[in-house]
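Colleague: So the protein sequences, as listed, match chains S and D.
Residue 1 is where the first sequence starts when you use this note's numbering, and the numbers rise one by one after that.
Residue 1 is where the second sequence starts when you use this note's numbering, and the numbers rise one by one after that.
No lab work stands behind these hints, which were simulated from the structure alone.
Warning: the hint list may mix true and false statements.
Unchecked claim - In silico lysine-lysine, DSS-like type, Cα no more than 30 Å apart, as pairs: (1) K378/S - K391/D; (2) K67/D - K464/S; (3) K160/D - K448/S; (4) K372/D - K52/D; (5) K448/S - K258/S; (6) K161/D - K378/S; (7) K464/S - K372/D; (8) K357/S - K52/D; (9) K160/D - K87/D; (10) K490/S - K390/D; (11) K357/S - K38/D; (12) K75/S - K98/S; (13) K314/S - K254/D; (14) K65/D - K52/D; (15) K390/D - K87/D; (16) K347/S - K67/D; (17) K372/D - K357/S.
This structure is a prediction, so every number in the text was calculated from the model and none was measured.
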Amino acid sequence: MALDAESVPMRWPAGPLDIARGEKQKGFTAETAAVLRQWLDPASLAVVQGSPVNCLVVSWASGLPADAAQQQALKPLIEKGKQAGLGFVGLIEGEANKPAALAAAQATGLSAVAMDGAQPLSAGIPVIPWNKSAQTRGAANSPILGISDGVWPGVSTAPPPAGGPTTLPWIDSNGSLLLIARALAPDKSVWIGFDPPAQAKLTPEAYMLAVADSASYGARWAISLDDPLRADLSARKQPAVDTWKKVTDTLTFFQQHKQARTYQPAGVLAVISSFAGPDWEAGRDALNTLARLRQPFRVIARSRAAGASLAGLKAIYYVDPEAPDAALRQKLMAFANGGGALFVPSKWPNPEGQPVKAEPYLLFNVRAVGKGRLAVCKEERPDAYLAAADVQVIMSHRNDILRLYSASSANGFYQTSAQGGQGVIHLLNYACRPGSDGPLFYVRDTYKSARLVSPELASASALKLDPQAEGGAEVFLPRLSVYGAIELEK
Amino acid sequence: MIQDLTRRELLAGAGALLARPVLSRAATAPTGRVTVAKCKTYGPELVPTLGKMFDELGGLGRLVKGKTVALKVNFIGVRWQRLDGAKMEDTFWSHPRMIGATVHFLGLAGARRIRVLEGSWSSAEPLEELMLSQNWRPQDILNAAPNVEFENTNYLGTGKKYSRFMVPGGGLIYPGYDLNHSYEDCDVFISLAKLKEHAAAGFTMSMKNVYGATPPTIYGTGAGVDEPSIRPHGSRGLFHSAFRLPSKSAPQQKDMTLPTEPGYRLPRIVAEICAARPVHLAIIEGIHAATGAETNYGGSRPQAAVQPGVLIAGTNCVATDAVGLSAIGYNPMADRGTAPFATADNTLHLAEDLGVGVRDLSRNEIVGTPIKDVVFSYGAVRDRILAAQKKG
Chain S
1 MALDAESVPM
11 RWPAGPLDIA
21 RGEKQKGFTA
31 ETAAVLRQWL
41 DPASLAVVQG
51 SPVNCLVVSW
61 ASGLPADAAQ
71 QQALKPLIEK
81 GKQAGLGFVG
91 LIEGEANKPA
101 ALAAAQATGL
111 SAVAMDGAQP
121 LSAGIPVIPW
131 NKSAQTRGAA
141 NSPILGISDG
151 VWPGVSTAPP
161 PAGGPTTLPW
171 IDSNGSLLLI
181 ARALAPDKSV
191 WIGFDPPAQA
201 KLTPEAYMLA
211 VADSASYGAR
221 WAISLDDPLR
231 ADLSARKQPA
241 VDTWKKVTDT
251 LTFFQQHKQA
261 RTYQPAGVLA
271 VISSFAGPDW
281 EAGRDALNTL
291 ARLRQPFRVI
301 ARSRAAGASL
311 AGLKAIYYVD
321 PEAPDAALRQ
331 KLMAFANGGG
341 ALFVPSKWPN
351 PEGQPVKAEP
361 YLLFNVRAVG
371 KGRLAVCKEE
381 RPDAYLAAAD
391 VQVIMSHRND
401 ILRLYSASSA
411 NGFYQTSAQG
421 GQGVIHLLNY
431 ACRPGSDGPL
441 FYVRDTYKSA
451 RLVSPELASA
461 SALKLDPQAE
471 GGAEVFLPRL
481 SVYGAIELEK
Chain D
1 MIQDLTRREL
11 LAGAGALLAR
21 PVLSRAATAP
31 TGRVTVAKCK
41 TYGPELVPTL
51 GKMFDELGGL
61 GRLVKGKTVA
71 LKVNFIGVRW
81 QRLDGAKMED
91 TFWSHPRMIG
101 ATVHFLGLAG
111 ARRIRVLEGS
121 WSSAEPLEEL
131 MLSQNWRPQD
141 ILNAAPNVEF
151 ENTNYLGTGK
161 KYSRFMVPGG
171 GLIYPGYDLN
181 HSYEDCDVFI
191 SLAKLKEHAA
201 AGFTMSMKNV
211 YGATPPTIYG
221 TGAGVDEPSI
231 RPHGSRGLFH
241 SAFRLPSKSA
251 PQQKDMTLPT
261 EPGYRLPRIV
271 AEICAARPVH
281 LAIIEGIHAA
291 TGAETNYGGS
301 RPQAAVQPGV
311 LIAGTNCVAT
321 DAVGLSAIGY
331 NPMADRGTAP
341 FATADNTLHL
351 AEDLGVGVRD
361 LSRNEIVGTP
371 IKDVVFSYGA
381 VRDRILAAQK
391 KG
């Protein structure tokens, strides 16, 4: 089965290689080993039968003696799965003999392999780049781009960034990584891999969020279940069966609302970075903090900035510490001269324009250029949160296109269709339980109708758009545990 | 009976004795005139009602003509959290129409310059931005009178240095406070507050509003250790529990053995700030407001958006807050152990001891609508919520 945008992947740990690797881990139990053997049995495929999952990601090679046995042991499972219409992707990791693993994958009839590092020139089989987010790259022969180091989404237990917010809890989300991947490789479908946190007792809602956090940003989570859940699922025990149903219902929901995957992030602010090498952290942190400041933004990869449309933007945040090449600088300055606000790093030789008065605490020196403004950062390595907060202030809330109230553990993500006639606002509740009040969005664009869809609701429900004196409208939502989307029509 | 007291209560009591001024200034505390009016909406009735109230206080002209006026408003409360779906101005924040109407009358009365001040939470954002984030029109306030300005007083702002305000008599906890220059660079200081309760201090009205003048650059959880930080970080938590010191550049706590419980500290800090930075005109807006508090610590004070429909203004902040407390169904003469001072000392009592004003309503001049006609019991609202919660 060839992979495409409709492929729904699931990590399928099974067989001698996963057992061998597990045995090197502390706390690996005989029960877990038994489940790994059980999931090698073609009968175990009943778990995904009738579900949206149509592609299993299996461990294929990792440089251990068990590699060959693994590939041999998987054959019956793969054969049966292929007959059932499933695709298989072999994960090649670590010190694996990549040419041998590729050859074996081709011989076995895998749909693709996923591996990190440099892509082989002629593999004879699609190769999904499966790299850490800092090394995201596409591959010519694969419609899929993989990210191997996603985070389990939720309210963070780690302390917030040094300059972080005091009124909103910090959250872990893959949204920014996925937007970066889409900006770097807009023609690819993005898969992201992350495992349940060790020893955590995860609720069904936590799994729903793991699906929704990726899907709302147009990507696929390579579903990965924790050991106890897999064991109970194999034994058809409750509540594991119900949890799995919630996962598959959420997948089905996003299949039914896949139109949003063609929409583009809405925002009057664009963030430009190479999102690679020494620029990686600054770019990622800027997006993460802007998202937490509820500042909608578009992402432009620096490599594509020369050809990118700046239409509809009011501000551009050029994050990379080094100034861009002359051509891009010229384009950015034309944007500022035309009335936009341009935020640039401290290394911006001979800044254009004249200084203007600004709040003294700001991390940026603001200069008047043409009809717009150039804001030059005062520090070489500014605190990401403070810099993003100052970008938001200098841009002004006057330009807000979306606001979210009464949902401190949630993020909103706003997308619009190519012609702007439709919009969708995703609400992701990282607390995985309803708040005391229902969330409320303010949306600046004018829409005629709004409806709420959610895997938590039996059917769509109309929402009232409450027009505001200053333009735009407010929309109240009912209390949701994990996810809902407002579908908007002009 | 003493054997019923906890060790903490004993310490608090001992601390209270230690920290009370050696010579109470209560006997010489000024009384005030307070006016009360019903006002159900922010519509056409607001301006004439407020104008009549100012007339009942003797007119604003004698107070503000030719003067620079600092108007401290209240934007405390998490701006992205709406109680019962109500807008911030309908629960915890000063309402823009109330601010605009007050500015309008200050302008009419001949104020030379009107500076609208606030230090909202721990943000350094310009006040215009806070307003815009709630879909307000800042220009409506700026255009309500000539020479109107905004300043966020959470940090140094446009000043060169912080201004020091010493507490007459030496203070109860701190001998003085360092504030943004705006609180010194004014001839008249007005506190425009909301009719609110407070989880730790019992109530938040014109006096507690002034607490928000303290900059988190000095008094915030992330304040500078030696010098104030450039920008504010974190809330004013050290006032609640003394878990850290203010920046060393500011006056330090007099006695480090004093109790650290919020119910002991906050009322004293509020009282002494109001002694150090006197309020010339106190206004409490309770047209729409909220019961409970901006933050509901542990759910002990169930919150609700309410519409008491009342305005209160007075020439003395203690007297005005005493009327405000009465208007929401509490006794301003109550002390620790009685609502709303279940776990706190009474700020009004402490302020009276500091000579700020008199809390006994019978000693102040109350004009306008009788208090009994405007009472809106916040305690009854809380009881209803608790009963409903109990019912399930």
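Colleague: Now tell me, hint by hint, if it's right for this structure.
Modeller: We went through each hint and held it up to the structure:
{"no.": "1", "hint": "K378/S - K391/D", "in the structure": "violated (58 Å)"}
{"no.": "2", "hint": "K67/D - K464/S", "in the structure": "violated (48 Å)"}
{"no.": "3", "hint": "K160/D - K448/S", "in the structure": "violated (51 Å)"}
{"no.": "4", "hint": "K372/D - K52/D", "in the structure": "holds (20 Å)"}
{"no.": "5", "hint": "K448/S - K258/S", "in the structure": "holds (22 Å)"}
{"no.": "6", "hint": "K161/D - K378/S", "in the structure": "holds (22 Å)"}
{"no.": "7", "hint": "K464/S - K372/D", "in the structure": "violated (40 Å)"}
{"no.": "8", "hint": "K357/S - K52/D", "in the structure": "violated (41 Å)"}
{"no.": "9", "hint": "K160/D - K87/D", "in the structure": "violated (36 Å)"}
{"no.": "10", "hint": "K490/S - K390/D", "in the structure": "violated (45 Å)"}
{"no.": "11", "hint": "K357/S - K38/D", "in the structure": "violated (44 Å)"}
{"no.": "12", "hint": "K75/S - K98/S", "in the structure": "holds (19 Å)"}
{"no.": "13", "hint": "K314/S - K254/D", "in the structure": "violated (52 Å)"}
{"no.": "14", "hint": "K65/D - K52/D", "in the structure": "holds (18 Å)"}
{"no.": "15", "hint": "K390/D - K87/D", "in the structure": "holds (28 Å)"}
{"no.": "16", "hint": "K347/S - K67/D", "in the structure": "violated (46 Å)"}
{"no.": "17", "hint": "K372/D - K357/S", "in the structure": "violated (52 Å)"}
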